[in-house]
Structure formats: C-alpha cells, structure tokens
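Colleague: Residue numbers (our numbering), protein chains in the order written: chain A, 1 to 342; chain B, 343 to 684; chain C, 685 to 1026; chain D, 1027 to 1368.
A portion of the hints provided could be inaccurate.
[As the list claims (entries may be wrong)] Taking beta-carbon pairs under 7 Å as the criterion, some of the chain C residues facing chain B (in silico):
no., residue
1, E777
2, F778
3, D809
4, V811
5, R980
6, Y987
Since the hints were derived computationally from the structure, they do not count as laboratory data.
Each residue gets a CB set at the ideal place from its N, CA and C atoms; glycine is no exception.
Protein chains: 4
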Amino acid sequence: MRFFSDNAAAVCPPVLAAMAEANTLDTAYDGDRWSAQLDDRFSALFETEVRALWVPSGTAANCLALAALCPPHGSVICHRDAHIENDECGAPEFYTHGAKLRLADGPGAKLTPESIAAALDGVRDDVHQVQPHAVSITNATEYGLAYTPAEVAAIGTLCSERGLGLHMDGARFANAIAHLGCAPADVTWRSGVAALSFGFVKNGGMSAEALIFFDTALAEATLYRRKRAGLLLSKGRYLAAQILAMLDGDVWRANAAAANAGAALLAAAAPDRLVYPVEANEVFLRMSPAEAAGLRALGFDFYDWAPGEVRLVVSWDQTEAAIRPLAQAIAALGPSPQLVTS
Amino acid sequence: MRFFSDNAAAVCPPVLAAMAEANTLDTAYDGDRWSAQLDDRFSALFETEVRALWVPSGTAANCLALAALCPPHGSVICHRDAHIENDECGAPEFYTHGAKLRLADGPGAKLTPESIAAALDGVRDDVHQVQPHAVSITNATEYGLAYTPAEVAAIGTLCSERGLGLHMDGARFANAIAHLGCAPADVTWRSGVAALSFGFVKNGGMSAEALIFFDTALAEATLYRRKRAGLLLSKGRYLAAQILAMLDGDVWRANAAAANAGAALLAAAAPDRLVYPVEANEVFLRMSPAEAAGLRALGFDFYDWAPGEVRLVVSWDQTEAAIRPLAQAIAALGPSPQLVTS
Amino acid sequence: MRFFSDNAAAVCPPVLAAMAEANTLDTAYDGDRWSAQLDDRFSALFETEVRALWVPSGTAANCLALAALCPPHGSVICHRDAHIENDECGAPEFYTHGAKLRLADGPGAKLTPESIAAALDGVRDDVHQVQPHAVSITNATEYGLAYTPAEVAAIGTLCSERGLGLHMDGARFANAIAHLGCAPADVTWRSGVAALSFGFVKNGGMSAEALIFFDTALAEATLYRRKRAGLLLSKGRYLAAQILAMLDGDVWRANAAAANAGAALLAAAAPDRLVYPVEANEVFLRMSPAEAAGLRALGFDFYDWAPGEVRLVVSWDQTEAAIRPLAQAIAALGPSPQLVTS
Amino acid sequence: MRFFSDNAAAVCPPVLAAMAEANTLDTAYDGDRWSAQLDDRFSALFETEVRALWVPSGTAANCLALAALCPPHGSVICHRDAHIENDECGAPEFYTHGAKLRLADGPGAKLTPESIAAALDGVRDDVHQVQPHAVSITNATEYGLAYTPAEVAAIGTLCSERGLGLHMDGARFANAIAHLGCAPADVTWRSGVAALSFGFVKNGGMSAEALIFFDTALAEATLYRRKRAGLLLSKGRYLAAQILAMLDGDVWRANAAAANAGAALLAAAAPDRLVYPVEANEVFLRMSPAEAAGLRALGFDFYDWAPGEVRLVVSWDQTEAAIRPLAQAIAALGPSPQLVTS
C-alpha cells in the first residue's frame, strides 16, 4: 500500500465522468462552455468576484501567480522549505525572469509576520539589493499544517503595510479548508490573499489546477503568460471539466476530508512520534531506519523525509480499511525513538 | 458541422480507454510504467535510438526543442507564417530567453535551402547581429503541404554545412506521413532533423504531444527545462498513456489518413478554388464573403483565413458522410471567384 | 582620413577636462554631485520635469527604455532597419525578457503613422499573438533623416490612441536638433515621446549617454534594471561629468552642427549620388566599387553599405579643411552610376 | 577623510594619462589597438593562454562569467555574504536567465570544500531541484581575507570532481595578490579557476574591469553576451587603455600594496578590535556607536557594517600621512567593546 504521495493517486470517478462528457467538439483553448464557467463558479465559492484560470500543473499555477505579483528585479519572500524553493527546479525564477526567492523561517514551514518582517528588514532599501514585492505562503504547508484565517490575516496586514502582494500555494488548499472548516473566502481574500493556486490534482483530479485571482486586475496579463508558457492547452475543456466536476456537489471537500481523516487515523496510532500536528493529509513521524524497514517489509511504501523521519501521505481514495493495517503496524512499533534533528 | 480546427475535435476512443486503464496508482511525474515505454516505442517507430518526452502542448514541444537548439543570444530561422512566429504569443522567445526568430519566405509556408540561405546571408558575422543557430520547419506546413524526405534532406544538408540544428514542428506530422507514405525516419533524422514535435492532440489525443530527440544528447537538459516550465505534470501517466494508445495499432496513422481523405473529398469538390494543393487535412479555398455566408447559412463553420480565402480543416472523426454535404455545397457554388491576393 | 563612423571619433576637450576635474573622491555610483545635477539640467533643457540617468552605451539606453515600456509578453514596433533590430545583438530581447520587435517599413528608415498602423493591424487581438506595447523611432534615422516635430507628433497621436509607449533612439539626437533648429521639447515630449536615448558618445563624448524619461514614473524601476544589468558604474561621476560638460555652453549643439555641416559639404559635391537627403552627419552615396576603390586609394576610409552604395559619416572633430579633399575627390568622380537596388 | 569605500577613490595618474593618449581616432568597439593587446598581456601575466575582455563594471564581469559557467536551469554556489548575492540587485539572475544562487557559509565570507560540499549535498539529484553547475568565490573576500593558492586548489579539486566551473570574483584581486605574494597563476588557473573578474576600478582605474577566461572556450559566446547586454562600449579603447596602463610597470600591484599597507596601519592601531585578520585593504573593527560618532566628529567617514561593527576601506591614494591620524584616533579609543554578535 502506497503512502508515498497524493501526487500519484488515481483520478476520482466524477472527474473521469466529466471528461468523458466533455468528449465532444467545442471551441479550442479556453473558448469552450466548460472554461467559460470557471469565473462564475469560483466567484460563487469565494463569495466575491474572482478570475479563475485552469492550468495543467501546480508549478504553473504558482509561478504564473508569482510572475503577476513580482517584477524580474524583485523578490518573493517564502519559507525555506517551500515547494517553490525546493521542488520546482527554478520555475519561479523562469516565470518571473529572474526574481529572487528570499527565504524565511518558521516551524512546520509556516511563516509568521515576525519571520517575514525579519526577512524584509534584512534588505537594504537601495538599488544594490533586490527589493521584496510579494510573499508566498503554502496552505496547508509542506508539513501539513493549516494557516488559520487569523494567521493569514496577520500576514496580509503586513503585506498591505509593506506594499507586497500575497500569494497562497494551495496545492492542498482543500485539505486545509477541510481541517479549518471556515469559508474559503476567510482564509484567502478576506485575509489579504491576492492570488491562490487552488490544487485539484492531488485531491482526485488528473491534470487541472485552478489559478484564482482575487485581485482581478492581475488576470489579464496572465492570460498572455499562460499562452506564452505553452500552458494554454488546445483542448482546454477537458481541464475545465475536471475542475467543475470537483466543485459540483463539493467533491473537493469530500475528497480532502477523507484524506485528512485517514491521516488522523495514522496520527492517532503514534501520537508520540508526530513531528508536527496532523491537520491535513500528511503525517511526519519519527522513525528509525529499522522501524521503517520493518513497515516496508509489510508492504507499506512511504518517503524517507529526513534522517529518523518519514512522511506518510494519505490520498483521497484510501479507505479506512486500507489505512488501518498501517496504523496498527505503526502502533505496534512501540514508543518513538529519540528525536533526531539538527 | 464544424470545419474550424482539428484542435477542437473530440478525443478518440482508444485514448480514452487507455486513460481509464491508467487510472490506478503509480509513480508520479514520469516515473510510471507508461512514461517509461516512450523511448523504446518511438525508437522502434523511428528505427533509431531516440529520447521521447511527453509534454502537454505543441507550443511546449516546439519551444523546448528550440531552447535545446538555440542559445539566448542566437536566432532560429523559420517561415514568416510559422506557428512559432504567429501563434505562440512569444513562447519561443520565452523558452529560449530572448532568442530571435528570423523570418524566411516560401510558397505554402514551406522553406527551401535557397530561402533559408537568403535569410542566413543577410546576417553579418559579427557580434552586433544575432547569429543563427537553428532552423525550424513545419511538416505538414501551416498551409497543409508536406515536405518530402528529399526536401527535408536538402535543408538538413544546409543546416549541417552551416552548423545549425534542425527542428521539425510536427503538429500535423501524422498527416504528413499519411500523405507521404514514407517511413517516419525518412523525413526526420535520416534527413537531418535533430528534434521533432510529434503532434497527437489534433489527431485524436487529448493533452499529450511527444517531443522526440534524434540528437539524444539534447534530452538531458530538456528534462530540467520541462520541469522548470511547469510542464512536468504529476500524473504524467495519463499523458504517456494517450500517446501509447495512439502508437498501438497505428491509430495515429489511421486517424490522420481519415482526416486527409476527408480533406481530399473537399478539395475534389472545387479544384479551381484551391489556394494550395491539399496534401494533409487542411483545405484553403478562394471564396467570396457571400459564398462563405451561404455555406455558413447551411450550418458549416470554418475560418476566414484572409480576404477572399477560407480554411477548412477536417478532423480525424469526421466521416465521409459528414463531409460530403459540405463538398456538395462547395461544388454547388460554381466556379471560383478571381484570385484575391496581395 | 576616416569617414567610417562617428563611433570611433576622439573625445572633445571639454569632456576630457570635465573628467579630469571630477578626479577627486566623491560618493560612489550615482550619489555624487555631478550625477545629482542631471535631472535638473535636462529638465531645463527640455522645459519640463524629466528624470535623467547616465548609462555607458546607447544600446543600454535604448534597451532600458524598451524594458520600461514593454512587458516580456509584448512587442515593440520599429523600422526594419532600426539599430535595435540590426545592431544590438538581441539586447532588446535580453532587456525586455523576450519581447518581440515587430518590423515596419518606410523610406529612409523613417516610420509613419501609416506604416506603424499597418504593422499594428497585422496583429490579431488574441492571446496567441504578441500584442504591441510600444513604438521605437530613431531620430536622426539610420539613414540620417530627421523626424520633424509634426512627424513625431503624428506618431505620438497614434501611440496615444492605441495605448502604446513611444521611445526615441537619439543616438544622433543632437544632429537631428542641429538640423531641425527646433526646441528639443518640440520633437520629444510635446510630440508624445515617453523616453529618449540622448546620445553623447558619437558627438564627442567618451562613455556616457543619457536616458531621459519624460514619463517620469518610468524612471523608478529603471534604476533597479540599470544596476541589475551591471550598468551602474561605481565611479559614475566620470559619466555624469561628460554629459554635463557637453550641456555646458551647448557643446552638444556645436559639435553636432559642425558634423552636419561637414556632411552637407560632402553632399554638395555629388547631389546626383545621394541616396537620401542629407539632414544629419551621414551621407549615403551611390558609388561603383571601382569608384570606391579609387577614393580609398586616395586615403579615404568609409563603409560599403550595400551593393553600389557607400556610407560616409562626419564626426564632430572633422574640420572643413579635412573634409574638402574628400568632397573634391567625390566631385571629380563625375556623374553617378545607375541606381543599383534590389 | 573618507574610509568609506575604495569604490569612490580618484583615478590614478597613469590611467588618466593613458586615456588622454588614447584620445585619437581608432576603430570602434574592441577593434582598436589597445583592446587588441589584452589577450597577450594577460596571457603573459598569468603564464598561460587566456582570453581577456574589458567590461565597464565588476558586476558585469561577474555575471558574464556566471552566464558562461551556469545554464538558466542551474545554480551557482556562493557565500551567503557574497557581493553577487547581496550587492548586485539580481544581476546574476538577470545574466544567467534565472539561475539560482545557492548559499554556503564560512567565516570571513570564505568558502571551504566542506562548506561547498555541504551545500551540494543538500541538493537532491533529480529534476525537481536546481542542480549546481558552478562555484563562485571572492578573493579577497568581502571581509578582506585572501584565499591562498592551497585553499583555492582544494576548492578547485572539489569543483573538478563534481563537474562544476569555478569563478573568482576578484574585485580586489590585486589586494589579494599583494598580500599573498604569489604568482597570479597560482591562485587562479593552477588552482582550478575557469574565469576571473579582475578588478581595476577599486584599485585606481576609472571604468574598466577585465574578465579573464582561463577556460578560453568560454570566451566566444561571452562576446555576444557582452554586446547583448549593452556593455560593448563603442569607444572601447578608453577602457582597454586604462587596464593596460595599470599592467604597465605593475601599477596594479603598487596601488594594491599601498592600500593594503594603509589598512595594516589601521589594524595595528587596535588589534583587539579586529573582527577579521586584515589581509587586504579592508578593516572591520568592533566599535560602539559612541566611539564611531567620536571618530566621525573628528572628520573620519566610514561604513556602519553591523551593530557594533564598522568597516574602514583604504584606497590606493591614501597616504600614510593621511591615514595615521585615523590610526591614532582609533588607538586613543582604548580597549575594544565586548563582541556584539547575533
């Protein structure tokens, strides 16, 4: 059983059904009747007027957002462990034409107004240093923590004071919302977020993420950047259809809730091993190599995150029945090894 | 009935079936068992060792190829009517970091060694001018003409003599091969092509094109560029599966042959109206606005290409029965209007 | 005697003197007392508030201006024979991060509202084509013609209507002004120019050009771009001093007038050979290879511009006494050969 | 008396004299007889065949070198306090088209094989992370320490093993050599350096730095990049002349030795205040705000580097007589305050 990554999970049935339904001739690119619905559907979901674009990957969503918020000679503050810094092969630099990521710290890959301010205050206000133009936060974070509306609002206030745009990488936005139970608006535009990468792929989609602009003026140039990056697929209706299928009947919430519940099951099996609280669908556990080998010998697959630490990710389609054996195996390991960290 | 663009056609059944079959957990990105087959499958098809990458759009395939062949300070010779010049919103400049497209001429959007040499010879060999590094040709061309192996080989020889890389935009490569009847190898690497954008989307695919490197050394850096551009989709197996499904049993050839046959049917209806010979699935006809309006009133949809000229594109799934009414309507228009060209 | 290029002329005495005078310790970069005067001095010259930056080359001035006026996904309309297209090795593409130069036509390398409109109208207003954001004209043009205030104003009006920024490459702006006799304001901001590359190097300077922003809001980001391009020299006072020395006592006008007068002398020697009217310091003459060889045998050096055509450029320091022998030698050639054009 | 920066010092007499001597007509750009000597003169100095280009700034030299060593999708390892990271406004990212600087640590801004290896080992070898392609070290470092030949060779060996190019930012290379007393070759190519930014401006030049390629194959494309960046000044002979004047009679060594001696004088005044050993012309002293204010009241100017720490830089033209008063004033401050560090 794989707990390696939600990236690799299967696609959920409503998405496949919607793609089959879209399998008829329509206008190319985003001129079709599915794509045409995105603005309205997301405006309804977010209780405000937004512009919503499909893109085929989370990296694309993130980097189009950053390019909209930061000029080539600017910088984006992000966490040292952010996906945009570590896992996108320099895509932010490519899309922004060489803007700099300036790294800030915080436990659980979560930024705070203080850690952001510290990063900002380290920059001299002269032409010799790259000046900050935006902040990017990830919700849920790379370690599975959800920013609350209050936490985002505090950062949003700082951004507003300092003239910075605020981007949210929501590759696991659905998991964050499922945990928080708040309105999607609360943790985004009401808290100062200008652009959101709203992830669907990890949550049961196939190849479509939504890039949401709460600052709708940013959308116009992004349409050109999307095309210019080879991201404007000619049969875009199959992407729009995926997203719409997950909005219909709140499939996105249900899938995320299921994955979160699975993670909670694993967390409950070894509370003393948890490196971080489990709020989304990721579980980071302290585990010796021998223990990890033992679990693998039982057929469980997962990621060695760091020395003495493993990552388990639960996907939308992993049932309690499928997860329980792993939970039991973890519980059977006994007490956690000593904390190994730097 | 739409004859607007093959870009907008439905996806063919084997592709949908393959995607459904791929709907199981596997390794993310291109670590899955479908992606792993591409090199071998295309090596077999092309009778030589190639490297083959899936990408989600033709623009992406073209521009990754150009970035592999041309440095930021170089230029790519292409036809004035090439898709990379006119229809990709500057994607070549984005991917190459500012290389220049240098435009050459030729009837039917087809380059010749002579027109390429004329473009090359207009460049002073000094640091004040952008020096040529590559040539890009489109097969079938934007006007539906196929380069023969001999024509490509003549260009390939020139490229070799001048130290230029040769790229082929094969958005309708299948249609060209269906027309030429030659081995895919003949019109590509045997004729000097280093990289091919092998199109599947217009020919019945959904969201996967293949980028083929005959010069396999070019593939390595391209893997990083693909990721860096947000093109490395996490559930890549659904893209690989599309391509494999079209290679299986030569679906790609059958689809292209069907579309070409449909175009031939239309061409036969009005030989005196043809702006170009019909070799692939595109038909350019001289037609007055009144005539075009008449056809539209009958329910036929197509593109006004230029004053007095329309473009009809036949898709893989348009049957003879569906096409014949249009052919009859065209034939019924009577003799062609006078040629209107600049 | 060289009539090859004003690029290679000596530096005029007031410039050298000013540089010697600046040879004392002051604040680095542009924090010195010379650099601090530029805004005011150019504001006075142009009779309006401007922002003025020194840069070490005309290419740098041009391309910083273009980067201020055109986003990476946009295009700049310029003449097919413009320096930015032909002689800057892709610097516009480098500085703009891949914007496109869209080429327009016009005799003498001069654009008109009509030729610009023709270029604009060839662009479909959709995301598949690179949209125009700016126009760049050269005054005096690459063929030594001066745009009059009325000509620039007509272009300025078009730019204003179409939402385009207007840049003037004034590598030989001084020569244009010396010919026109108008106020510098008339042919720039009063006619809609947003940014001017004001050349000093060809006109007796050493290594300093002025980039003038009439649209002063464009200056701020340019300060960062200048630094980021390695153009913010640490001992900037020597550049500022050069420019101030040429503004003092209107040295820039006197130098340009002298060069123009020299060119007029040559033009008068062979009015039937002139390819273009001589308005600045460049003279293009029809001349057979044998005739050109004859002149070279007499010790005159110049550029073979095109088959049957040579270019003579007079520099600020070439006296009438030095020029007259060439004028006489040209006159002695007799009547012009037949026009040779392609 | 200013001890703020050697960036702001006057130009030394031989340089001015050489510029005056160059004030005659010659071929433009780098076709003149001064520029033509650079390869040979630096090849002699470095005892091996090199390619040497003038550029107008140290940032330009550094970033052209980095662009030659690192592709857009790569990274350069440098010290956290390196000039390229902190003081060039993202010029490395601009010139490399978005490569990443990956930061390593070490006291005195000096890298070691161990600190570089630690940075390298933090990078997963997959397409999701930006892979290292080069290392850049600064000699003398930003804190005035000189890398010895053995130290550079140890880094060079690591670079060679890992397939990385090695760049040396030698903005104060002369000061390093004056301290080390070794052959310039020893601390550069003999130790694995592929490209050197050889600084002249801080050491008595005006506007010319030399970019030296020991890996001569890197020079060719750099010629295009230099032009493309607007750095190929048309009257390049004045830059070449500056450099040649400083090579003649070893002016560069004498100037650097003088500055180093001045720094040593200051260091000797307060050995207990030194934050770093003084090896070049920079002196970092622990100093309370009150003490610093006292010195300033006496007419001395310098940089507040960090809380409780000031930087004094001695320039080539500051005589012992000019420096001694500051040395005495520092000595008169009495014992150093407690170390203040974060």
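Colleague: Which numbered hints are broken by the structure, listed smallest first?
Modeller: 3, 5 and 6
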